[in-house]
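Undergrad: Protein chains in written order, with the numbering used here: chain A, 7 to 101; chain C, 7 to 101; chain S, 7 to 101; chain W, 7 to 101; chain E, 7 to 101.
These aren't lab readings, by the way, just hints derived from the structure by calculation.
Do not take every clue at face value.
Identical copies go unnamed one by one, so any copy, or any two together, can satisfy a pair.
[Said to hold, decoys possible] In silico BS3-like links for lysine-lysine, alpha-carbon gap of 25 Å or less:
no. : residue 1 : residue 2
1   : 24        : 101
2   : 76        : 29
3   : 45        : 101
4   : 101       : 76
5   : 24        : 76
6   : 101       : 29
Every value quoted in this text rests on a predicted model; they were computed, and no experiment measured them.
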Amino acid sequence: MLIARVIGTTVSTIKDEKLVGRKLLICRPADENGVASGKPYVAIDTLDAGVGDLVLTAAGSSARQTAITKDTPVDTVIMGIIDSLHVDGETTYRK
Amino acid sequence: MLIARVIGTTVSTIKDEKLVGRKLLICRPADENGVASGKPYVAIDTLDAGVGDLVLTAAGSSARQTAITKDTPVDTVIMGIIDSLHVDGETTYRK
Amino acid sequence: MLIARVIGTTVSTIKDEKLVGRKLLICRPADENGVASGKPYVAIDTLDAGVGDLVLTAAGSSARQTAITKDTPVDTVIMGIIDSLHVDGETTYRK
Amino acid sequence: MLIARVIGTTVSTIKDEKLVGRKLLICRPADENGVASGKPYVAIDTLDAGVGDLVLTAAGSSARQTAITKDTPVDTVIMGIIDSLHVDGETTYRK
Amino acid sequence: MLIARVIGTTVSTIKDEKLVGRKLLICRPADENGVASGKPYVAIDTLDAGVGDLVLTAAGSSARQTAITKDTPVDTVIMGIIDSLHVDGETTYRK
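Modelling step: build the complete structure from the supplied sequences, incorporating the hints.
TA: Structure, rendered in structure tokens:
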């Protein structure tokens, strides 16, 4: 999984029919301190995450292992909202 | 999923028989503002996307979760055409 | 899928038994003009492609969606031989 | 598989229900000497690994081939804790 | 598939039970001349490859398409030992 910051939303009228009503969020990869950088990607939301949240995303066929994403053409899912990160005994991020 | 700009088309006579009649579009990865850069890749089109469109592409086995791509040797599919992108409360792209 | 140039061949006597008799071609990733650069990878050929051809390769489980590659330990397949590429209304490559 | 150093832990209350009670560890990719560098990723732990351990992680659908991760939306699993690494006849790492 | 040089071995006592007795080799990606460079990865051996061999590795779910790796949490397998490489009519590597 990748740590990522939710930075925005996408609007798409023409899309695969299984995705109607689903929220597709723009995520930027983040490091162990929650600092985001680099090229963004888009993940389907199954947890009601919001812009600004630090999340965990799973990619590939693993993204289809939720009730919402089963059999859908999505390759990345938000599977956790991060409360805090801890590295070498220190708290590096807290929501 | 990746945000990408459709920049062109491929013509291929000799191809896997399941792909006859399918449109294979050249896509360049784009950022959250819709600005494309970097090495292109090719995605199968299931939504009648056109050159110039900003799209969402899904990769891997997820690309085979549509009626058109089921059981075909394709690893990337256009699964949404983007109307608009919104980052930190601002509209960064509108079709 | 990636656009790639076939640059060579591999010879391998000791290999998974399902791959006996199969052609494993060395491919270099190419851009939308057919210009190849970067680190090569190896794809199984199912279309009788030859050195010098510009091809499309599919990766991951999608590489196993052909009669020849079903249930074999290969992760990349040549699924199309490119006749021409067209970008922004111009022909950027013709075989 | 990748060699990686476990550098920390994540806390996530809101997550896919199949992941309740599971440990999600922050890993940094390492080289053949066990020296870690680069952007971290998160793996589910099935072996009671701890911070500081050098581990092997498997990604993609392979991450779901354990009793704990079956049918869960995780794309990376710790599938081995490394005792030692040996390169060109020399021991480059020992726990 | 990637061309890679086997550079070493890993020892891991605590690992997924399906991997007991399996050889996990450290591989460094190589180019079309057999010259290895870059960050190493680890592949399961099914062909009795040895340190120094140039091999082909398959990744992802394809790595589980052998009798030895079926249903195991491994994402990379050595599926061929390379005898020779040929690029543009010249032999660039011979074992």
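Undergrad: For residue 101 and residue 29, with the copy left unspecified, which applies at a CA distance of at most 25 Å: within, between, both, or neither?
TA: both (22 Å within a copy, 19 Å between copies)
Undergrad: I want to check one pair: residue 45 and residue 101. Are their C-alpha atoms no more than 25 Å apart within a copy, between two copies, both, or neither?
TA: both (23 Å within a copy, 21 Å between copies)
Undergrad: How do residue 24 and residue 101 come out at 25 Å by Cα distance, when the copy is not named: within, between, both, or neither?
TA: between (32 Å within a copy, 23 Å between copies)
Undergrad: Measure nothing new, just compare the shortest in-copy and cross-copy C-alpha distances for residue 101 and residue 76 to 25 Å and report within, between, both or neither.
TA: Classified as neither; 30 Å inside a copy, 30 Å across copies.
Undergrad: Could you figure out if residue 24 and residue 76 sit no more than 25 Å apart (CA to CA) within one copy, between two copies, both or neither?
TA: Intra 10 Å, inter 14 Å, cutoff 25 Å: intra and inter.
Undergrad: Should residue 76 paired with residue 29 be assigned to within, between, both, or neither, using CA atoms and 25 Å as the limit?
TA: both (15 Å within a copy, 24 Å between copies)
Consistency note: the structure conflicts with earlier hint 4 alone.
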